[in-house]
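Residue numbers (UniProt numbering), protein chains in the order written: chain A, 1 to 330; chain B, 1 to 330.
Note that these hints are calculated values from the structure, not bench results. All residues carry an ideal CB built from backbone N, CA and C; glycine is no exception. One or more hints might be untrue.
[As the list claims (entries may be wrong)] Sample of chain A residues facing chain B (criterion: CB under 10 Å; computed from the structure):
#: 1; residue: Asp40
#: 2; residue: Trp42
#: 3; residue: His81
#: 4; residue: Val154
#: 5; residue: Asn180
#: 6; residue: Glu206
#: 7; residue: Ala214
#: 8; residue: Ser259
#: 9; residue: Pro328
[Unchecked claim] If you want a taste of the chain A side facing chain B, the calculated C-beta under 7 Å gives, among others:
#: 10; residue: Pro47
#: 11; residue: Met115
#: 12; residue: Asp119
#: 13; residue: Glu131
#: 14; residue: Asn155
#: 15; residue: Met256
#: 16; residue: Ser298
Number of protein chains: 2
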Amino acid sequence: MKLATIKNNSRDGQLVVVSRDLTKAVKVPEIAHTMQEALDNWDDISPKLEKVYDQLQNNTLSNTFDFDSKEAMAAIPRAYHWADGSAYVTHVELVRKARNAELPETFWTDPLMYMGASDAFIGANEDIKIEKEEWGIDFESEVAVITDDVPAGVNAENAQKHIKLVAIINDVSLRNLIPNELAKQFGFYQSKPWTTFSPVVVTPDELDDAWSNAKVHLPLISTLNSKVIGSPNAGIDMTFDFGQLIAHAAKSRSLMAGSVIGSGTVANQGSPNGSSCLAEVRCLEIIKDGKPSTPFMSFDDRIEIEMKNKKGETIFGKIDQVVKQYDPIN
Amino acid sequence: MKLATIKNNSRDGQLVVVSRDLTKAVKVPEIAHTMQEALDNWDDISPKLEKVYDQLQNNTLSNTFDFDSKEAMAAIPRAYHWADGSAYVTHVELVRKARNAELPETFWTDPLMYMGASDAFIGANEDIKIEKEEWGIDFESEVAVITDDVPAGVNAENAQKHIKLVAIINDVSLRNLIPNELAKQFGFYQSKPWTTFSPVVVTPDELDDAWSNAKVHLPLISTLNSKVIGSPNAGIDMTFDFGQLIAHAAKSRSLMAGSVIGSGTVANQGSPNGSSCLAEVRCLEIIKDGKPSTPFMSFDDRIEIEMKNKKGETIFGKIDQVVKQYDPIN
Chain A
1 MKLATIKNNS
11 RDGQLVVVSR
21 DLTKAVKVPE
31 IAHTMQEALD
41 NWDDISPKLE
51 KVYDQLQNNT
61 LSNTFDFDSK
71 EAMAAIPRAY
81 HWADGSAYVT
91 HVELVRKARN
101 AELPETFWTD
111 PLMYMGASDA
121 FIGANEDIKI
131 EKEEWGIDFE
141 SEVAVITDDV
151 PAGVNAENAQ
161 KHIKLVAIIN
171 DVSLRNLIPN
181 ELAKQFGFYQ
191 SKPWTTFSPV
201 VVTPDELDDA
211 WSNAKVHLPL
221 ISTLNSKVIG
231 SPNAGIDMTF
241 DFGQLIAHAA
251 KSRSLMAGSV
261 IGSGTVANQG
271 SPNGSSCLAE
281 VRCLEIIKDG
291 KPSTPFMSFD
301 DRIEIEMKNK
311 KGETIFGKID
321 QVVKQYDPIN
Chain B
1 MKLATIKNNS
11 RDGQLVVVSR
21 DLTKAVKVPE
31 IAHTMQEALD
41 NWDDISPKLE
51 KVYDQLQNNT
61 LSNTFDFDSK
71 EAMAAIPRAY
81 HWADGSAYVT
91 HVELVRKARN
101 AELPETFWTD
111 PLMYMGASDA
121 FIGANEDIKI
131 EKEEWGIDFE
141 SEVAVITDDV
151 PAGVNAENAQ
161 KHIKLVAIIN
171 DVSLRNLIPN
181 ELAKQFGFYQ
191 SKPWTTFSPV
201 VVTPDELDDA
211 WSNAKVHLPL
221 ISTLNSKVIG
231 SPNAGIDMTF
241 DFGQLIAHAA
251 KSRSLMAGSV
261 IGSGTVANQG
271 SPNGSSCLAE
281 VRCLEIIKDG
291 KPSTPFMSFD
301 DRIEIEMKNK
311 KGETIFGKID
321 QVVKQYDPIN
């Protein structure tokens, strides 16, 4: 089934069930008002939502309306936990190579993961508001999953059972703020301002056989100002699957229902089908030419991120947003 | 005024107004059901809560009940943002000195801050559940503030206006998991499992003149197994005040109402009144004796954290909790 959160003048928005082709939607206040409410009681609520989804697919509902991704908020507009892995270690290896740094051997067995700003999730068509271009604005195209309650100490195999929904996301990064933050060793903070969600999130069964081993085996297409930057396959070179990432996150504590776990920038070894962020493009240029030639994003740049099934149909709808300058108000 | 969240079989608990002496409380469902709901509309709701607080203080309410800190959940049992600073740079300097590492000069001007697990806040009397003692269990006694909505790019002076509530907290740390996480440069994750809140949170005016320059000028008392470990003054040697910490957190994005901003381990230069965590005690031993003699916490250890006003009365109630072993269930 496919679900979305649409604007309704509340901070948490309104949960809707969306048709497979993303044309129709229906509100379900009798089942759950918000995505978080659904996730809080997923075992009880998801069968009811699935029933509505079937009716929507079969055109037996009268209270539907046209789904418009411009009305979409993030799936969970404010969430309680957002942990982003860096599961495509080949990408990390490339970034290190560009600055002549060794990749520690443990990076292949111990996931990198940082805590992100779960109160800063934005909708698929919302502007990316940034104060300064010189902060080095970049997109990062990723896959993410949303969990129900995860017990502390869960193993990677059982962690897979807690994956309830799948999304694609844009983890906006401010590259020129990263070196200082990394040097402080306390992780990313100012350098990771906003994370954008796809218009809809889907249950893993919507991915058919593209969902296996807790990975999504499809290309993730990133398009900057109408030029495709990359379409690496998210199922290839993902060193840690989502079960392993969840188990890592839950090693020393439980995770609350509605936790969002990200894959990190999707990347394939050697980048044969391009990249999912400009930082990787620039690293490839540094390795080849000694210096980068592709700039980071400018104000008014447009980034589109999408994933299609084998029939060429959109799965999550399209992230399609523009970078806009933000003036601080004091 | 003083507020608390008490258990009611929901994930978010029930907002209550608590008397200044922490003996009586009253539910306020006609004003707000939860702490988050109050913070979402603080300007409208806080005057109504203040009125109830006055009535509670004047004994003109009939629907009060005895306040019991054992019924307290964290102020916001699941929050959208938890950012912990390390504002007492003298502590960071000491920790570095113990391992013969230089303190970068920028640490005195650019705050250290990490993103914590806002879905893992626990109540003042709840057990600290940890799987393994060898992870190096430690408490960290801190002051924290809770904000309303903070605009991106706010300056430090204006940021102070967004401080709505003050708390004391225990930022539980797993010291032996920290070196590996610091080496990975992605920040703390597994090493910061739970954060405990004081039984009540208070508006800054409850601190009288102990609240000035966005700091709390009172000793924070940490007691481990009935032995006082330290009572440093939280107003001394706080290099960055809460306005500066909020401004740092909001540099590149807005913060959602209900954001929790922590001070980091309270510490005074030279530790004349002891320490707010065992890591600091051990660092002092390393500097003096070449090696630490105080062990980290063991299962069944009891940690109490409290702050009293100049009359010796408790302000926030007492964090009083025990470390318990947790067996993962798969």
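The hints, checked one at a time:
With 10 Å as the threshold, the beta carbon of Asp40/A comes within range of chain B, its nearest partner Cβ sitting at about 6 Å, so the hint holds. Nearest Cβ of chain B to the Cβ of Trp42/A: about 13 Å, over the 10 Å cut. The hint is violated. Below 10 Å, beta-carbon pairs count as interface contacts, and His81/A has one with chain B at about 4 Å; its hint therefore holds. With a cut of 10 Å, the hint placing Val154/A at the interface with chain B holds, because the nearest CB-to-CB distance is about 6 Å.
Of the supplied interface hints, the one on Asn180/A holds, with its beta-carbon coming within about 7 Å of a beta-carbon of chain B, less than 10 Å. A hinted interface residue such as Glu206/A counts as satisfied when its beta carbon comes closer than 10 Å to some beta carbon of chain B; here the least separation is about 26 Å, so the hint is violated. Taken as an interface hint, Ala214/A does not check out: its beta carbon lies about 16 Å from the nearest beta carbon of chain B, beyond 10 Å. Taking 10 Å as the C-beta cut-off, the interface hint given for Ser259/A holds, the closest approach to chain B being about 7 Å.
A hinted interface residue such as Pro328/A counts as satisfied when its beta carbon comes closer than 10 Å to some beta carbon of chain B; here the least separation is about 2 Å, so the hint holds. A least Cβ separation of about 21 Å between Pro47/A and chain B goes past the 7 Å threshold, and the interface hint is therefore violated. Evaluation of the Met115/A hint against chain B yields a held restraint, the C-beta minimum of about 4 Å falling below 7 Å. Evaluation of the Asp119/A hint against chain B yields a held restraint, the C-beta minimum of about 4 Å falling below 7 Å.
Interface restraint check: Glu131/A against chain B, minimum CB-CB distance 6 Å, threshold 7 Å, status holds. Nearest Cβ of chain B to the Cβ of Asn155/A: about 5 Å, under the 7 Å cut. The hint holds. A cut of 7 Å between beta carbons decides the hint on Met256/A: the least distance to chain B is about 4 Å, and the hint holds. Evaluation of the Ser298/A hint against chain B yields a violated restraint, the C-beta minimum of about 17 Å exceeding 7 Å.
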